[in-house]
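S.K.: Residue numbers (the UniProt record's numbering), protein chains in the order written: chain A, 1 to 322; chain B, 1 to 297.
It cannot be assumed that every hint is accurate.
Some chain A residues close to chain B (C-beta under 8 Å, calculated; not the full set) [unchecked claim]:
| id | residue |
| --- | --- |
| 1 | A135 |
| 2 | P242 |
| 3 | P244 |
| 4 | V264 |
Quick caveat, the hints were computed from the structure, so don't treat them as lab data. For clarity, every value in this text was computed on a predicted model and none was experimentally measured. In this text, a Cβ means the ideal position worked out from N, Cα and C, and glycines have one as well.
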Amino acid sequence: MIEVLKPGLSTTVQDAGRTGYYHLGIPPSGALDQYSLRAANLLVGNAAGAAALEVVYMGPELAFTADAVVAVTGASMVPKVNGEERPNWESFPVSAGDVLGFAYLTAGARAYIAVSGGIDVPEVLGSRSTYALGALGGLSGRPLAAGDRLPVGSGPGAAPGRSVPADLRPNLAKDVEVRVVMGLYDHRLSEAGRTAFLDSTWDLTPVADRIGFRYAGPELETVPREPPFGAGQDPSNIVDAPYPIGSIQVPGSVEPIILHRDAVSGGGYMMIATVLSGDLDVVAQSAPKTRTRFVEVDLDGALAARSDYRKRTRRLAEALEG
Amino acid sequence: MTAMAEVTPARYSWGGDEFVFVELAEEMSLQANFRAMAITKKLSDARPDGVLEICPANASYQVRFDPDVLDPHELLALLKDLEQQVGDAHELALSTRVLEIPVLYRDPWTTETLMRFRDRHQDPSATDIEYAARINGYSSVDDFIAAHSGSPWFTSMVGFVAGLPFLFQMVPRERQIIVPKYLRPRTDTPKQTVGYGGCFACIYSVRGAGGYQMLGITPAPIYDPTQTLPDFTDFMVLFRPADIVKFAPIDSDRYDELLAEVEAGTFHVTARPVEFHLQSFLDDPDGYNARLLEVLK
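Can you make the complete structure from the sequences, with help from the hints?
M.R.: In structure tokens, the structure reads:
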């Protein structure tokens with residue numbers, strides 16, 4: 001059992017996510033940075049997709065009632081056991097009675113805390129992930145609050161002292177490139193609008209959460225048109241359609257929004273591109289003011305990037321075996 | 001409405017490495033929606049390995065797939081083949097349900113909420129329903145309510161947030177209600193608000209932001225993540241794509257009675273199975289609707 005002394009800004013239980021209910025408006029949820037979730041779990045001997053805690057910007061303070069092995073990955077946020085620093089990307093032991101806290105965030109945006117045995121809240125629709133908008137999963141369908149008690153599973157665990165090799169840790173930069181496949185409703189953009197999207201450097205605004213990440217930059221020019229029946233008057237309106245996870249919508253032709261894993265499942269704004277599944281990890285680690293460029297790839301380029309991502313996760317698993 | 005509109009070829013687009021998006025028509029129509037239903041139903045029946053999510057929508061649909069299991073080009077060929085097989089979808093018969101949803105129009109809760117957001121509205125001096133009635137040419141709000149509740153609605157999409165139905169009125173286009181969304185979205189909408197935006201009615205499943213005009217509220221829960229209410233023992237979401245909805249106006253006494261039933265855990269939405277046949281509907285929409293709604297009696 002873990003007792004929550006301070007919840008942090010918005011700490012949720014997340015695993016690899018749930019599949020099969022998006023057609024009813026229930027999105028995949030799960031860790032926004034899936035690579036860091038895998039790493040945290042493998043460090044403590046859990047299955048790669050086990051439930052862990054996702055921390056945003058500011059860490060929680062947690063009291064352990066039993067011995068455990070813990071690892072913190074993702075954003076740079078130094079863990080402290082009873083006030084003493086511990087390394088990121090390495091597993092370390094905690095004893096019954098210990099308090100895990102955190103220093104301030106220095107890079108990235110989201111940290112993952114895995115505990116040997118995993119966070120053992122009940123599975124809902126095949127996942128322990130929290131979907132707060134729908135009050136579903138996790139701990140009572142919401143972020144942690146002071147006084148909560150988190151059950152911990154009884155997995156085999158691993159001895160502490162495992163470490164992710166330096167070349168398998170992500171580079172948490174203030175300037176990032178996010179690869180996208182153009183499409184969906186990108187034909188609504190004029191040539192100038194399209195060029196402005198791909199050639200501008202976009203700044204992440206403070207509107208950046210599990211549902212979506214909104215970016216500031218130039219207005220994107222659209223092609224003039226007669227609105228089709230049911231679509232609404234604004235050139236950015238469409239007949240309400242499904243939104244792919246990672247799709248970039250541009251309401252009112254300004255401030256593109258990348259929809260992430262708690263996305264609304266559909267709506268009436270044009271989408272002009274979709275972020276590659278693996279690059280959603282990069283978006284997840286973007287804090288407000290992160291300077292972002294969208295780089296176009298075609299489907300073959302997207303599949304090649306996916307294959308590289310798979311190789312990297314395999315190397316991670318091999319490095320942390322045994 | 002009696003004739004099938006000409007079918008235009010679908011537009012296919014990749015959504016990154018895991019999604020394919022298919023737009024069947026740029027503008028909304030029941031026919032485009034039926035084609036989305038028919039294609040996604042065939043895909044569900046075939047369910048090739050590697051298909052992860054099948055999301056029918058108003059005039060489009062999307063599929064999420066695992067390209068490590070299912071080659072994207074193979075999937076694309078399959079979807080194009082299904083599009084050919086389905087054609088104009090006029091043969092489509094759906095086994096679905098008619099649901100009766102009680103509505104307290106002009107209720108105190110949405111009225112209080114809309115008054116707080118008058119600065120974001122096209123017509124700050126009117127309520128949402130007065131505005132909707134006026135711009136659609138109804139001489140009174142009562143006439144508007146009669147039109148809104150007089151014909152059934154087709155659940156053309158479920159989503160936005162968990163379990164929210166998009167509803168498309170089953171009447172010829174010239175009789176369809178059209179209402180713009182708020183100028184700027186609200187930050188608050190009561191749970192179970194019956195809303196209207198563009199050509200779609202909706203029922204908000206959870207409290208939160210919203211841009212649709214607020215016409216009333218239903219005492220019927222439509223989403224129950226704890227699955228404690230009787231309508232939710234099988235699943236936490238009431239609505240499924242293709243459900244047919246009849247709005248039934250109620251007064252505030254009836255609202256209180258039904259709410260007491262909800263709180264006592266005895267409330268059930270009236271739901272009856274029906275076979276829905278597209279061509280028969282298109283041949284005689286009003287007559288077909290009347291027969292369709294007989295099942296609720």
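S.K.: Against this structure, judge whether each hint is valid.
M.R.: We went through each hint and held it up to the structure:
Interface restraint check for A135 (chain A): the shortest CB-CB distance to chain B comes to about 5 Å, inside 8 Å, so the restraint holds. Interface hint at P242 (chain A): satisfied, since its Cβ lies 4 Å from the closest Cβ of chain B, which is below the 8 Å cut-off. Interface hint status for P244 (chain A): upheld, as the beta-carbon distance to the closest one in chain B is roughly 3 Å, under 8 Å. The beta carbon of V264 (chain A) comes within 5 Å of a beta carbon in chain B, closer than 8 Å, and the hint placing it at the interface holds.
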